[in-house]
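Can you make the complete structure from the sequences, with help from the hints?
So the sequences go chain by chain: G and H. Residue numbers for the first sequence follow the numbering used here, beginning at -17 and rising by one. Residue numbers for the second sequence follow the numbering used here, beginning at 78 and rising by one.
Hint data in this document are derived by calculation from the structure and do not stem from the laboratory. Hints should not be assumed to be uniformly reliable.
Stated by the list, open to error - Over the 12 Å line for every Cβ pair with chain G, so calculated as not near, a few chain H residues:
#, residue
1, Glu103
2, Tyr118
3, Glu120
Said to hold, decoys possible - Partner residues are not named here, just some residues of chain H that face chain G (Cβ under 7 Å, in silico):
#, residue
4, Asp86
5, His88
6, Ile89
7, Leu92
8, Lys144
9, Glu145
10, Pro148
11, Ala157
12, Trp167
13, Ala168
14, Lys175
15, Ser177
What the hints assert, rightly or not - Restraint-style ranges between C-beta atoms, simulated for each label pair:
#, chain 1, residue 1, chain 2, residue 2, range
16, H, Lys79, G, Asn656, 29 to 37 Å
17, H, Tyr118, G, Tyr505, 40 to 48 Å
18, G, Ile567, H, Arg91, 57 to 65 Å
19, H, Arg91, G, Lys534, 38 to 46 Å
20, G, Glu556, H, Asn121, 45 to 53 Å
21, G, Ile508, H, Lys79, 30 to 38 Å
22, H, Tyr118, G, Ile508, 38 to 46 Å
23, H, Lys94, G, Ile508, 19 to 27 Å
24, H, Arg91, G, Thr451, 52 to 60 Å
25, H, Lys94, G, Pro627, 34 to 42 Å
C-beta: ideal position from N, C-alpha, C; glycine also.
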Amino acid sequence: MNTDQRPEDKTQEEVLRLYKEVSQTKEYLEGIIENSEDAIITSDLNGVITSWNKGAEKMYGFTSEEAIGRFLPFIPISLIDDEKESIERIKNGEVLKDIETIRQKSDGTIIDVSLTRSPIRDAAGKVVGISCISRDISEKKRVEIELIRRNQELSRLFFISSAMRGTLELNRLLRMVLTAVTMSDGLGFNRAILFLVDEDNNVLKGAMGVGPASPDEAGQIWEKLSVEKKTLFDIMRDIESGPLRKDSFFDRLSLGMEIPLSEETILTKTVKEKKPFNIQNVKEDPLSDAILTQQLGTRAYAVAPLISRDKVIGVIWVDNHFIDRRIGEEDMRFLSAFSNHVATAIESARLFEQVTLTEQELENIFESISDMVFFNTKDYVVKKINRAVSERLGNKPEEIVGKKCHEVFHGMNEPKPECPHHKTVMTRRAFVEELEEPFLGGTFISSSSPIFNSSGEFIGTVHVARDITEIKKLQEKLVLSERMAALGEVAAKVAHDIRNPLVSVGGFARRLEKKLDGNLKEYASIIVNETSRLESILSEILGFVRVGTLEKEKVNINGIVDDIVSLVKSELDERSITFVKEFAIPHEVFLDPNSIKDALFNILTNAVQAIGTNGTIFVKTYIREDAAVIEMKDTGKGISKEVLPFIFDPFFTTKGSGTGLGLTITHKIIERHNGRIEVESEVNRGSIFKVFLPLKRRSEE
Amino acid sequence: MKILVVDDDEHILRLYKDELSDEGYEVVLAANGQEALDLFYKENPDLVTLDIRLPDIDGIQLLRQMKEKRPRLPIIMSTAYDYRDDFSIWASEAYIVKSSDLNELKSMIRKLLSKE
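Take a look at the structure:
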């Protein structure tokens, strides 16, 4: 090479160097373009491709041979007009930067791209072509969409769980949960069942099910929803405040399901392992519950545990039975997230329900205790009472609550000194007293225990009072009868052994008394008097009461009839006997109610037996002349003329059972009341018994 | 009028016999249940006074048997002890606690026999 250079040579050298440099830059650039991951394309002003790099080939699927010379081959037909507009803008010198749009690959698939398009100018600055750098952003787009979806999911979850947190009624909540699971803008499953763990019985129990029973029903429901255009929000609100509708066949089916936790199935595994399962094909899964496949006909399903405070309280089961859509990873993620959200709400509602139930139970127990139970404040004001109190006092609760206890229970203006409440107020200690309360006309065992509030301050007492008036009376009777029984056998022997000789001694002394005179007569009469005295002492000791002694009082005869009818009421019903009564205005008769009841009861029993089954008994009361009449008529088999005169005879019976004394006793009782009985009867038609009881008191007896 | 008196105390039987005879009744006496039944059939009495406590057959049993045969026969239960709890007592016409004063018994008998 010549070193001695001329100036022109120098210029040429420079040009060469520059050319070399430019060539290098060009090659470098071409290399970049060629190897770029981005598609770099140039076209003329009509959109005909003039260059096409490897990136373009890879992105769009066309080779450079296929692309060059064609009008932009990757524009979807729908976007051609837009494209022409863009070309016009670039011709005018505009640069379109980072335009996100879609393009079509050679195989027809659509991809998301980001484009930067600039005009190509010649040396004079005139626009001669268009460059376009495009980047495949499908992946980015996908992530973005995913992000949005996640956001929506989260906001939906947030909405659902906040809607649910406001609902403490378990059934409503469960329905909200399942509706959220099955609504299309909820989790979008076809069917859902909520199982709850029943710890007492160690089973998983179906608590509720939501879903159509058949494809037809599914179609109807979906159509209805699309017509009503109700959002999940609307429906949640409906469930929260509307009437709670018992669902469908499917719901009932779900309620009947019970899976022992001792079994090894998918559902029980969900509880034990605390994780969700997605069963794509029940046939390939030996652990699928038979109950699900057989009763629900499910082919694929998913389950997720409901975990509250580290404990599985239930399981949500879902499937897509009617649209047969595969349950995907996304669905599972959402289902699990949802389950976690609602579990706590369900647990709270469950606890709340338990508390409510317990409260109701306590209230019921409180109300139905037959003893009087009431709370008094330390200021002697009645705060709360049970039914027994208002029944015993004969006042409505609102007439008692709020009043002073000593007014209500003792009829006093000041606390009664011996009242246990008063004592508790004074001492803060519990007291039990047996009190006779003339104001209430009875004897009570009354206990009073202090109540303290949470800060330990005495606020009042709880009071339990039992009316022992009857018990007291019975106790007295019992004591008496026990004494009598103890005396009984001895007394009988003593009476027999002493009374008999006394009778002879006294009896013969009387005979002597009549026959003798003077001193002897006097002696005899002393014996008579002394034996009489002994006899009466004997009678007194043994408490003799003459048989058939009547204890008469003024009694309303209608009431007596009602009393005896109520004794046979159930038998009348059993035998299909109609009872018809026709009472005169109430009339009081002086009689012994117990023996008259016996007397009428015997007639009524006879009537019932004469009828057997199916018939009518008519009872009438009226006044005839100077007597009250009780008339009993039956439609029974009647009494024949031959038998009629004997029916009051003792031991006379046609029934083949009974003592044969019933009507005899009746007759005697009525006779002792100075009344009479008339009987009319016709065979196969029935009998009429008329009991006449005199209205005037007679002085005898 | 014939009265059958049934009692296991011989002195009482004697007293009754004397007292009732004085009233003009024919009196037959039985000291136990079996005797009473025999006389009931043989003598065909118009009235019976029955002691309840007897050595063989209970007075209530006798009452029953007699009433089954002759429902309208007036029977007075006469006893040293109170039997009011026994239902069958109702089959008798009257019930009296034995007393050395026989006036009540006598007036009862008069009343029952005059009804016949």
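Hint check results:
1. Distance to chain G confirms H:Glu103 as a non-interface residue, since its nearest Cβ pair spans about 19 Å, more than 12 Å.
2. No beta-carbon of chain G is positioned within 12 Å of the beta-carbon of H:Tyr118; the least distance is around 17 Å.
3. Every Cβ of chain G is farther than 12 Å from the Cβ of H:Glu120; the closest lies at roughly 21 Å, confirming the non-interface assignment.
4. A least Cβ separation of about 4 Å between H:Asp86 and chain G falls short of the 7 Å threshold, and the interface hint therefore holds.
5. With a cut of 7 Å, the hint placing H:His88 at the interface with chain G holds, because the nearest CB-to-CB distance is about 4 Å.
6. Given the 7 Å rule on beta carbons, the hint for H:Ile89 holds: about 6 Å separates it from the nearest Cβ of chain G.
7. This hint holds: H:Leu92 has a C-beta 4 Å from the nearest C-beta of chain G, less than the 7 Å allowed.
8. For H:Lys144, the suggested interface contact is upheld, since its CB lies about 5 Å from the closest CB of chain G, less than 7 Å.
9. Interface hint status for H:Glu145: upheld, as the beta-carbon distance to the closest one in chain G is roughly 5 Å, under 7 Å.
10. Interface restraint check for H:Pro148: the shortest CB-CB distance to chain G comes to about 4 Å, inside 7 Å, so the restraint holds.
11. The beta carbon of H:Ala157 comes within 4 Å of a beta carbon in chain G, closer than 7 Å, and the hint placing it at the interface holds.
12. Restraint check, H:Trp167 versus chain G: the minimum CB separation of about 5 Å is within 7 Å; hint holds.
13. Among the interface hints, the one on H:Ala168 holds; its C-beta lies about 3 Å from the nearest C-beta in chain G, closer than the 7 Å criterion.
14. Here the hint on H:Lys175 is kept, as its CB sits about 5 Å from the closest CB of chain G, short of 7 Å.
15. For H:Ser177, the suggested interface contact is upheld, since its CB lies about 3 Å from the closest CB of chain G, less than 7 Å.
16. Under the hint 29 to 37 Å, the C-beta atoms of H:Lys79 and G:Asn656, about 30 Å apart, fit the expected range.
17. Between H:Tyr118 and G:Tyr505 the beta carbon distance is about 44 Å. The supplied range of 40 to 48 Å therefore holds.
18. For G:Ile567 and H:Arg91, the Cβ-Cβ distance of about 60 Å falls inside the hinted range of 57 to 65 Å, so the restraint holds.
19. For H:Arg91 and G:Lys534, the hinted distance range of 38 to 46 Å is satisfied, since their beta carbons lie about 40 Å from each other.
20. Restraint check, G:Glu556 to H:Asn121: a C-beta distance of roughly 47 Å satisfies the suggested window 45 to 53 Å.
21. With their beta carbons about 36 Å apart, G:Ile508 and H:Lys79 fall inside the hinted range of 30 to 38 Å.
22. At about 44 Å, the CB distance of H:Tyr118 to G:Ile508 agrees with the hint of 38 to 46 Å.
23. At about 25 Å, the beta-carbon gap between H:Lys94 and G:Ile508 stays in the expected band of 19 to 27 Å.
24. Our hint of 52 to 60 Å for H:Arg91 and G:Thr451 holds, since their Cβ atoms are close to 54 Å apart.
25. For the pair H:Lys94 and G:Pro627, the beta carbons lie near 35 Å from each other, so the given range of 34 to 42 Å is met.
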